[in-house]
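There are 2 protein chains.
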Amino acid sequence: MARRWLVVTAICTAAFSPSAAGARQSPVDIARAYREAHGAEILDEFRSLLAMPNVASDSVGINENAAYIRDALIELGVDAELLRIPGAPPIVYGELAVPGATRTLGIYVHYDGQPVDSSRWSNGPWTPTLYTRAIDDGGTQLAFPKAGERIDPEWRIYARSAGDDKAPIGALLPVLRAFREAGISPTSNIKFFFEGEEEAGSRRLRQYLEGNRARLDDIDIWLFFDGPVHQSRRPLLTFGVRGVTGIEVTVYGSMRPLHSGHYGNWAPVPGQMLAALLATMKDEDGNVLVEGFYDTVEPLGELERAVLRELPDYDEELKRELGLLRTEGGGASLAERLLLPSLTVRGLASANVGALVRNIIPATATAALGIRLVKGNDPEQMKDLVEAHIRRQGYHIVREDPDRETRLRYPKIAKVTRSGGYPAARTAMDVPIVQQVIRATRRAAGEDLVLFPALGGSLPLYLFTDVMGKPALILPIANHDDNQHAADENLRVANLWYGIDLYAALLTMPPDSGGGG
Amino acid sequence: MARRWLVVTAICTAAFSPSAAGARQSPVDIARAYREAHGAEILDEFRSLLAMPNVASDSVGINENAAYIRDALIELGVDAELLRIPGAPPIVYGELAVPGATRTLGIYVHYDGQPVDSSRWSNGPWTPTLYTRAIDDGGTQLAFPKAGERIDPEWRIYARSAGDDKAPIGALLPVLRAFREAGISPTSNIKFFFEGEEEAGSRRLRQYLEGNRARLDDIDIWLFFDGPVHQSRRPLLTFGVRGVTGIEVTVYGSMRPLHSGHYGNWAPVPGQMLAALLATMKDEDGNVLVEGFYDTVEPLGELERAVLRELPDYDEELKRELGLLRTEGGGASLAERLLLPSLTVRGLASANVGALVRNIIPATATAALGIRLVKGNDPEQMKDLVEAHIRRQGYHIVREDPDRETRLRYPKIAKVTRSGGYPAARTAMDVPIVQQVIRATRRAAGEDLVLFPALGGSLPLYLFTDVMGKPALILPIANHDDNQHAADENLRVANLWYGIDLYAALLTMPPDSGGGG
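Protein chains in written order, with our numbering: chain U, 1090 to 1606; chain P, 1090 to 1606.
Just to be clear, a hint being listed does not mean it is correct.
Any copy, or any two copies together, can satisfy a pair, since identical chains are not distinguished.
[Stated by the list, open to error] For lysine to aspartate or glutamate, the following DMTMM-like pairs were computed, each having C-alpha atoms within a straight-line distance of at most 20 Å:
hint : residue 1 : residue 2
1    : K1408     : D1492
2    : K1408     : E1494
3    : K1235     : D1537
4    : K1472     : E1153
5    : K1504     : D1206
6    : K1472     : E1494
7    : K1559     : D1306
8    : K1472     : E1243
9    : K1501     : D1490
10   : K1559     : E1184
11   : K1501     : D1404
12   : K1235     : D1467
13   : K1559     : D1384
14   : K1472     : E1125
15   : K1501     : E1373
16   : K1408     : D1225
17   : K1504     : E1469
18   : K1235     : D1225
19   : K1559     : E1243
20   : K1501     : E1410
21   : K1504     : E1476
Since the hints were made in silico from the structure, they are not lab data.
Values in this document were obtained by computation on a predicted structure and should not be read as measured data.
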C-alpha cells in the first residue's frame, strides 16, 4: 500500500552546511521559498486538518484524523500505515528510508486534542477561523487567503489543536512536499510516530512502543514536536519534561441538595468543607504543605545549572502580559519554579453560580487537582501523599459515591479518583547526536535559540528515554500564548513558518560533524 | 370581564364547626369527598399548570402561567385580573366578595419557580411525571391515572414548582370548584395575590403592594401558602421567616487560562485563592467567623421560647434520612440553628471537573454565597460585613472584571456582586385573628399541628408585616423532601390532599369565636 520516497537527487549534505551555502540554495532556503510561494495552500491544508474533531474518546473522529494523516504521508512518498491496538486510537506510523543514510530520526507528534467545552469558544473548536491577531488582543476575523495573497505572519488560526499538537503536522507536510518537488532527500532515515491519545494520558503508548520495538529500535534519537516556544517568542530546545498526574476529590454533604433556608446553618456545606480541605494543601505563597511533597526531587546537575543561568529573564514582561502583580513562590523565577512539582486546582464545581445559582446547599463539591512531577517523583507515590494528607484532615476516603450506611459511619467522606500519568524525564546534553540536533536547530532558529533543561509541561518522554533507552529532545514551534488546552486555542502563522524552517533544517542536518557547534 | 362568585347557598358557619358537625357534612368533608371523586381530574389540572415553564426571567413563559391561572380563577367565579408593572412578571390578582362577610383574608402564592439546570433532571423540569414514590427511594414512573382509578397518596409528581410554589394553586382550584358545585360560600372575603418573581428576589413586590394599597388595605390577615411542612411530615404553621440575601465572589489569576504545566507552580491558582478565602469565613463547626455577623440578632421572646420547647425532636431521624453523621453547630438542634443567620456556599465554579477537566490553571474561580437573616439583621449591612472580611484578607474589591491596569496594581482582586434580598419578619401569636387561623388549621391538621416561631426559608413577609402593617402567617403544604430549588423537585400526593383539606377549613373558618381554641 505504501510507496517509497522517490530519491530524485542525492544532495551532498556539505552543500547546505552554513559555510558552504553560497551559489546553491540550502534546503532551509528551498523550504522557505516554497512556503512563500504556497502560503495559502499550506494554510488551507492545515485548516482541513484542524476541521476534524480529535478528542481521543471520540473514536470516529480520531480514526478520521489518523486516516487523513496517513493518506497525506503516503501521498508524499512516506511508507505509512496505522498501527492498532483494539479500542485505542491508532498510531500513524511512517517510514522514509534514505539510501546511504546512517542515522535514523524518530519523529513524535500527537494528533489528538484536549476535550472541549464548546460554549466557551468564540467559534466552534473545529471550525478553523483566521484572525488578524489574538482575539483578546482585538484581532478581527478574516477569510482564509486565496493563492498568491499576502499572508501576515501575525495572523492567528483558531481551532482545537492548532497549537497542541497538529501544528507540527501542518508544518511537516509542506516541508516534505517542498523537498519532493525540489528533489531533495533527507540526510537521515525518518520514522514518523504520531500518537492519538496523548491528551487522554497516553494510556496505550507504552504498549505501542514495546509492541513495535523491532521497527523502532534503530532510531538513534527521538525528536518531539510538541509544546510552545519560549514566552519571549524565542525558539526553544528542551532536554526534559515534567511528569503529570492528578486526582479528583469530591466531598459530601446531605444525600440530596437541600433548601439553604430550611437547612442552612445546620446541614454541612460541601463547598465550605472542600475550601477548608484545599486551604490546608498550599500556603499563601503557593508552597505545597502536603507532607513529603518535595522530598524526592532530584537536584540539578552543573551543566543544567549553567543553562539555567543563561535563560532570558522574561518574567516581568510575562507578568505584564498575563496581568499578574503577584506570583507563587515569593518572587522566584518561572524557570526555577518549573523545576519543582506542582499542585494545581484545575477545576472546581458545586451546583451552579451566576444565572443558574439556586438557593440550595449542594449535595457535593468537587475539586480537580493537577500534579506536575519533576525528575525523582513517582506518580503513584505523589498521589499517595495527597491522599494521606486528606486522611489527616479527618476524611474517610472512598472510591465510589458513598451509600447511606457509609455516610452514617464517617463524619467526613471524600471520594478520591486517581488519574494515571507518568514520571518526568531528562536527556543528557553531551551526547554527539544531541549536539548535532542543537546545531541544526540553530540553523533555523539563529542565536535566539533558548536551551531549557526541562519544560514545565508534560509528555510521555520517559517511555522513550527510560523504557526505549534513547535520547529524546523536544523542539516546540507553537506560540506560548496559544491557549493550549483551553478555549480559543490558536497558532500564530509566524510559528507555523518557523516550524517549516526548523523541520527543513532537521531533516537535512549533516550526518556527523563532531565537536561543539 | 370577571364574574361574581355565585352564592347558591348561604351556609351558617356554625353548621360546620367541629362540635356541630353531625347530620350535615362540614366543608372540609365536602372538599374531601370531591377530591376522592375527582382525584384524576385534580392531578390532570395540576399537571397542565406544571407543564408551563415559569422562570421569572422568561417573560413569555411567565405571562403564559399568569394568564392560565387568571382564567382558571375567573372560571371559578373569582373576579380576577393581571396587575402589571412594565417589565415585571404580572401579579395574578383576584377578589371573591362574600355577602355579609366581615373579614378579608389575603392569600399569597407565587407561581414562578427557581431557574433550572435541565441536565440534572430525570425528566424535563416542565415535563410533569408521576412516580410511585421518591425517585431516589426507588420510585418507578407510572402514567397519570384515568378518572376513577385508585390514587396512592404516596405517589409523587415531579416538575419544577411542584412543591414551590404551584402546589397551593393545585389545591386551591379544586376547593373553589368543590364549594361552587356544592353551593358553599366562604366565610370571609378573599383576595388572591399570586406573585411571579419570588424566586428572582421579589424585586417589584413592594411596588405592587404599595401601588395597590387601596385594594389591599382591608385585608385583615395575610396567609402565605408556600414552603414545606415539618420534616416529620406533620403539618406546620409558622409565624415568621428568615430574610435572605447573597453575594457572589470571583477571584482572579492570569488574564487567560494557562497551561498547568508551563505555568504551574508560578502563576496564581484562582481555585486555591478562593478556597483560602472561604476557609477564613467559617470554622469547622459551621460558625461564621465574619466579624459582627451575629451582633444584630434579636433575642427570642418568652412565648416563642415556649413554642420552641414543644417542637418535636426530629433531628436524629432527619440525619438518618439525609445520610448525615455530623451537622454544623456542634450538635445544636436544627430549630435552634435556624434562629441564627447563616452563610452558605451555594455554588462553586472554576473551569471544569470530571470528563471536561483540562490541564489548565483557570483564569477565575467563583463562589456564590447565600446569606439567611434573622430578625434584627439588615441585608445591606450583612453584605457589608462579608465584604469587609474579604478586604481584611488582602483583597481589592471590584464590581466589574478588572482590566490589565487594575490587575497590575493589586496583588489580590475579588469581584463582589451583591444580590438584593430582604429582612426577616415575625407575627405576634396573641392577636385574635391569628388564633382563629390556628384553630381552623387544627380542624384540617388535627393535633399533629406543629407551631414554629420562624421558618428557615425566606419569603418577603416583611413587606406584609412591616410595610403593609398586617399580621401574616405561613401555612405550608409541600413535603419537606420535595427537592425544592433543586433538580427533580416533586410533590407528594398526600400533601396536595392536605392542601385541599386545609384551604377548605381556612376558607370557611367561623367569623370570630374569641378566646383560646
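Hints and how they fare:
no.	hint	result
1	K1408 to D1492	between (47 Å within a copy, 14 Å between copies)
2	K1408 to E1494	between (50 Å within a copy, 12 Å between copies)
3	K1235 to D1537	neither (32 Å within a copy, 81 Å between copies)
4	K1472 to E1153	neither (36 Å within a copy, 54 Å between copies)
5	K1504 to D1206	neither (24 Å within a copy, 24 Å between copies)
6	K1472 to E1494	neither (27 Å within a copy, 39 Å between copies)
7	K1559 to D1306	within (9 Å within a copy, 89 Å between copies)
8	K1472 to E1243	neither (42 Å within a copy, 47 Å between copies)
9	K1501 to D1490	within (13 Å within a copy, 36 Å between copies)
10	K1559 to E1184	within (18 Å within a copy, 88 Å between copies)
11	K1501 to D1404	between (42 Å within a copy, 19 Å between copies)
12	K1235 to D1467	neither (51 Å within a copy, 65 Å between copies)
13	K1559 to D1384	neither (28 Å within a copy, 69 Å between copies)
14	K1472 to E1125	neither (50 Å within a copy, 61 Å between copies)
15	K1501 to E1373	between (25 Å within a copy, 11 Å between copies)
16	K1408 to D1225	within (16 Å within a copy, 50 Å between copies)
17	K1504 to E1469	within (17 Å within a copy, 38 Å between copies)
18	K1235 to D1225	neither (26 Å within a copy, 59 Å between copies)
19	K1559 to E1243	neither (37 Å within a copy, 69 Å between copies)
20	K1501 to E1410	between (42 Å within a copy, 17 Å between copies)
21	K1504 to E1476	within (10 Å within a copy, 33 Å between copies)
Consistency note: the structure conflicts with the earlier hints numbered 3, 4, 5, 6, 8, 12, 13, 14, 18, 19.
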